[in-house]
Each structure stands twice: as C-alpha cells, then as structure tokens.
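As you go down the protein sequences, you meet chains C and P in turn. Going left to right, the first sequence walks through residues 1 to 247 as the numbering used here numbers them. Going left to right, the second sequence walks through residues 1001 to 1247 as the numbering used here numbers them.
Bear in mind the hints are in silico, worked out from the structure with no lab data behind them. What you are looking at is a predicted structure, and each value in this text was computed from that prediction instead of being measured. Take the hints with a grain of salt, since some may be wrong.
Each computed DSS-like pair below joins lysine-lysine, with the alpha-carbon atoms no more than 30 Å apart [stated by the list, open to error]:
(1) Lys139/C <-> Lys1083/P
(2) Lys139/C <-> Lys171/C
(3) Lys1176/P <-> Lys1239/P
(4) Lys4/C <-> Lys1083/P
(5) Lys171/C <-> Lys1083/P
(6) Lys4/C <-> Lys171/C
Away from chain P, derived, C-beta distances all over 12 Å, residues of chain C [unchecked claim]:
(7) Leu23
(8) Gly26
(9) Ser27
(10) Met77
(11) Glu150
(12) Leu242
Distance ranges between label pairs, derived from CB positions [stated by the list, open to error]:
(13) Leu103/C <-> Gly1014/P: 54 to 64 Å
(14) Arg1056/P <-> Ile113/C: 52 to 62 Å
(15) Arg1100/P <-> Ile109/C: 18 to 28 Å
(16) Ala1105/P <-> Phe111/C: 48 to 58 Å
(17) Ala223/C <-> Ser1040/P: 51 to 61 Å
(18) Val13/C <-> Gly1118/P: 43 to 53 Å
(19) Ser1219/P <-> Ile178/C: 52 to 62 Å
(20) Leu1018/P <-> Pro97/C: 52 to 62 Å
(21) Gly1053/P <-> Leu88/C: 24 to 34 Å
We treat Cβ as the ideally placed atom computed from N, Cα and C, and that holds for glycine.
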Amino acid sequence: MGRKRDIALAAVVLLVLWEVAALALGSMALPQPWQVAVDTARRLADGSLLDDLAISTLRALAGIALALATAVPLGLMVGAEEGLRRRLSPYIYLLYPVPHVVLLPLIIILFGIGEFSKIFLIALIVFFQILVTTRDAAKNIHRNYYLAIETLGASRLQVYRHVILPATLPKILTAMRISIGTAVAILFFVESFATTRGLGYIIMDSWGRADYVALYSGISAMAALGFCLYLLLDRLERRLCLWTLSH
Amino acid sequence: MITVDSACLGFSHGGATLPVLHDISFAVAECDSCAVIGPSGCGKTSLLFLLAGLLRPDRGVVEVVGQEQSGMILQNYGLFPWKTVAENVGLGLVLRGAARKTVAATVERLLGEMGLSGFGGHFPGQLSGGMQQRVAMARALAVEPRILFMDEPLSSLDALTRERLQNLIAEVWLGKRITMVLVTHSIEEAVFLGRRIVVLGGRPGRVLRLVDNPEAGGSDYRDSDVFFHRCVLLRQILKGEGDGPET
Chain C
1 MGRKRDIALA AVVLLVLWEV AALALGSMAL PQPWQVAVDT ARRLADGSLL DDLAISTLRA
61 LAGIALALAT AVPLGLMVGA EEGLRRRLSP YIYLLYPVPH VVLLPLIIIL FGIGEFSKIF
121 LIALIVFFQI LVTTRDAAKN IHRNYYLAIE TLGASRLQVY RHVILPATLP KILTAMRISI
181 GTAVAILFFV ESFATTRGLG YIIMDSWGRA DYVALYSGIS AMAALGFCLY LLLDRLERRL
241 CLWTLSH
Chain P
1001 MITVDSACLG FSHGGATLPV LHDISFAVAE CDSCAVIGPS GCGKTSLLFL LAGLLRPDRG
1061 VVEVVGQEQS GMILQNYGLF PWKTVAENVG LGLVLRGAAR KTVAATVERL LGEMGLSGFG
1121 GHFPGQLSGG MQQRVAMARA LAVEPRILFM DEPLSSLDAL TRERLQNLIA EVWLGKRITM
1181 VLVTHSIEEA VFLGRRIVVL GGRPGRVLRL VDNPEAGGSD YRDSDVFFHR CVLLRQILKG
1241 EGDGPET
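Looking at chain C on its own, in the form it has when it is part of the complex:
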C-alpha cells in the first residue's frame, strides 16, 4: 500500500513540475499536462492510440523475450563452466562495447524492413546487457552451494535446475529491469523508420507536423508502456524470488 502511495505521490509531483514548467516556458513546444491528457483520452477512445500502443508493446516484448531466450542460457553456461568462460569471454569483451545500434543497415539488408529487423535490433542490444549480468552472477555463485548439491548426488543438469538458475534469478531480473529502459529507448529508434505504426512513429510524425500535444501523447504512452513493464517485472520478482522478500 505504501509503495503504491509513493508512486502516486511521485506522479503528482512530476505532473505539477510539468505544469509549472509549461506555464513558465509558455511555449507550444511544451503543452500543459491537461492538454496532453485530453488528447490521449480522445485517441484512446477512438482506438487509434491503442493500436499503436499494442504494436509497440509487442515489438518491445518480443525483443526482450528473444534476448532472454538466448542470453540467459548462454550467460549461465559461460558463467558456470570455466572452460567455456575462458574461450568465450574475450568475444564478449570485444563485442559488448560495440554500439550495436549502428548495425541497423546490416540488419535491414539481412532481414528486410519488416517487423523482425525491428525486434532483432531491440533483442541484440538487450542481449548483451542480460548476457554479461547473467554470466557474472553465475560466475560468483558460492562454492558451498555446488558442494552441497554435489554431495546430494546431483547431475550437471540438476545443478543448473536447482542451484545455478535460482541463484542467478534475482540478478537476471535486475538485468531485465535495466533492459526495459533500453528496449523502450531503442523502440523509439526502430519505429522512427520504415513504419507507419507504433508509438515511435506517432512521436516522429507529430514532431514533423509540429503537433506538440500529439507528440507528448506519444511520449506519455511510451512512458506508460515502460512503467507497466516495470510493474509486470516487480510482480514476476515477487512470485519467483520469494526468498529475497522473506527476511
């Protein structure tokens, strides 16, 4: 209850600051929150914003899901298997700092300008964030846990199931939390080209038409999308990492 109240309070403070800034600036480049709220409500009512919100949500979720499905197993194995870690870590060190967003032309050549290239770029960028965090978490599991499960006669697969995955889960969820911010930012980038749907497109299109109220409707919807994904992740954490809340 306290947490919900804190979030509501923070939202009110931000809205007040926005209102004050809009009044102080007196520029059409920063409309007042109520103007944006009215426009957003109208777009929601006629269903146009819902379509764009849905397609953006699907793109972000698909990108994160693709990154998770590949980065988590690889990160766990690279972190937990010393031989693999020795062989693959140099590649991770070299590839992680590359600004992957510049690979967009190559991705378009490989996968075309359809949905998959957008999802793939989100996945590619989020992949490294999840991979590095998962690898480090798996590498730092205390030796005692391995000894404990080995003395119980576990197979390697059982060690992954009962030790490596649950021990790294809180860190994986933290990586996902960071990835949501990145995914939403990349979402804006990938929706600013070769598409006429999505929140990123609304923002770019409104900007081009100098329709700042619509621009902020798009920005607000994108922020709401990120916020909802955060809430979803919090719920997932409460369900999957009960022990971290039990102290």
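Based on these hints, arrange chain P on the given structure of chain C.
Relative to the frame of chain C, chain P by itself:
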C-alpha cells in the same frame, strides 16, 4: 569402514604444489564416529573432502565403504536460500527421482524428529542458526546415509545451542547406526562426539596422535572425570600447533 593409508594431498598454486596433507593414516569402523581436530589451516576440511570423494589423494589410499551412500553437512550448512525448509530437506530424494508422496512423508517425519514441525514452508533465512543446522542435518539424513560427514557444523552457534545440537548429533549417530566423521576445532566437541579422535598438526597437515575415546556420545559423559582428562590430553597434544583450537 573407512581406511586412510599414507594419504598425501597438495594443491597447485602458481605453478608450484602446496602440500596440504602429509602421510595421513587412520581407520574408522562401521557405525563408529571419528572427530578430526587441529589448528586452523591444517587441512581438516580437505581431509573430510577426501573421505567424501570430493577430492582425490595425490599419493596413498583412501577407501570408504558406502561412500556413494553418504551425506554431508557443510560449514555454514550449505542450505539453499531459494528453497523452503521442506524443499531443502527433500532435495536429495527429489534428485534421486523419488515419488512426491515419499518425499513429503520423509520430510514431515524428519522435520518432526528435528523439532522443526510447522517450519517446512519457511525459508532458511527466516530461521535461527541452530534451526538451520537442524535443517541441514535433516537434509543429510533424508537420503538415509550410511556415513555422515560434517564440516564444523556447529562452529557459528552459541555455547548452549551448540551443546543441545551435540546431543542431537549423538542421538542420530547412535540411534540410526551410521558412521560419522566430524571435523571440528572445538576440543570438547571432538571429545564428546568422536569415538576415535584424529589430532592433526599443521602445515602440511599430519597426524599428531590418534586418541581412542570409547565413551563418546554418552548422555552423562560431559560431567565425567574421563571427559575432563581427555580434553586436557587433547589440549596438551595440540599445544604449540598453529592458532590452536578453542576449548
């Protein structure tokens, strides 16, 4: 039956081999108990890992009949914080593919025996050190081991809890007729629980003396003159060895 004959062990470090155990020989009969005591860093835990099959000797022979049916309690218990007490206790059976009903019945019985009824749904982090130790013991006993290895299982407990749990360990050892090997740095614990006491000196760890202690585990043993004199004897043997164990 446990037989150790002229066993040597070393660890590789920076290209050189660091000797850890040198020329260790002793035997423990079936259903007997053995306490290994010595100063910090003398290789007590390494010796226990040799017996449990987690390490192999560089030279000499380590023969443990029933090693595949052994249980182990590690220093700091090695409980999995992400599993509930019941899941921790039943894990060994789950790994062996036991039926759900069998696991539940065994867990309930052992929690009852350890005075932990009603705590099955708790996480280890919610329990006191003494309770966690009993969970670790229940987990080790769930797989009905022929040999129980314990690595300083009571070292982080207060004196009163420690004494109560020493009594519990003695009850388990005598009641279930298992072979028990205990590593400790407490002279009183070694004398109360070890029918055979292996006194190690460091470094590298070598046997200073094998002390027979047939009264071990007796309910009034702590109050007897024999107990007192045997503690004095161990103290004299260990005098001048490393940091020296606690009394």
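Here's how the hints hold up against the structure:
1. Lys139/C <-> Lys1083/P: holds (20 Å)
2. Lys139/C <-> Lys171/C: holds (12 Å)
3. Lys1176/P <-> Lys1239/P: violated (35 Å)
4. Lys4/C <-> Lys1083/P: Within the cut-off at roughly 29 Å; holds.
5. Lys171/C <-> Lys1083/P: Roughly 17 Å between the alpha carbons, so the hint for Lys171/C and Lys1083/P holds.
6. Lys4/C <-> Lys171/C: holds (24 Å)
7. Leu23: At about 51 Å from chain P, Leu23/C clears the 12 Å cut-off, so the statement holds.
8. Gly26: At about 55 Å from chain P, Gly26/C clears the 12 Å cut-off, so the statement holds.
9. Ser27: Non-interface label stands for Ser27/C: nearest chain P Cβ at 53 Å, farther than 12 Å.
10. Met77: For Met77/C, whose nearest Cβ neighbour in chain P is about 20 Å away, the distance exceeds 12 Å, so it holds.
11. Glu150: violated (7 Å)
12. Leu242: Given a closest Cβ separation of 7 Å, the condition is violated.
13. Leu103/C <-> Gly1014/P: 54 to 64 Å: With Cβ atoms ~42 Å apart, the hint is violated.
14. Arg1056/P <-> Ile113/C: 52 to 62 Å: Between Arg1056/P and Ile113/C, where Cβ atoms are some 60 Å apart, the hint holds.
15. Arg1100/P <-> Ile109/C: 18 to 28 Å: At roughly 53 Å between Cβ atoms, Ile109/C and Arg1100/P fall outside 18 to 28 Å, so the hint is violated.
16. Ala1105/P <-> Phe111/C: 48 to 58 Å: holds (55 Å)
17. Ala223/C <-> Ser1040/P: 51 to 61 Å: At roughly 57 Å between Cβ atoms, Ser1040/P and Ala223/C fall inside 51 to 61 Å, so the hint holds.
18. Val13/C <-> Gly1118/P: 43 to 53 Å: With Cβ atoms ~46 Å apart, the hint holds.
19. Ser1219/P <-> Ile178/C: 52 to 62 Å: holds (58 Å)
20. Leu1018/P <-> Pro97/C: 52 to 62 Å: violated (38 Å)
21. Gly1053/P <-> Leu88/C: 24 to 34 Å: holds (31 Å)
Of the hints listed earlier, those the structure fails to meet are numbers 3, 11, 12, 13, 15, 20, in rising order.
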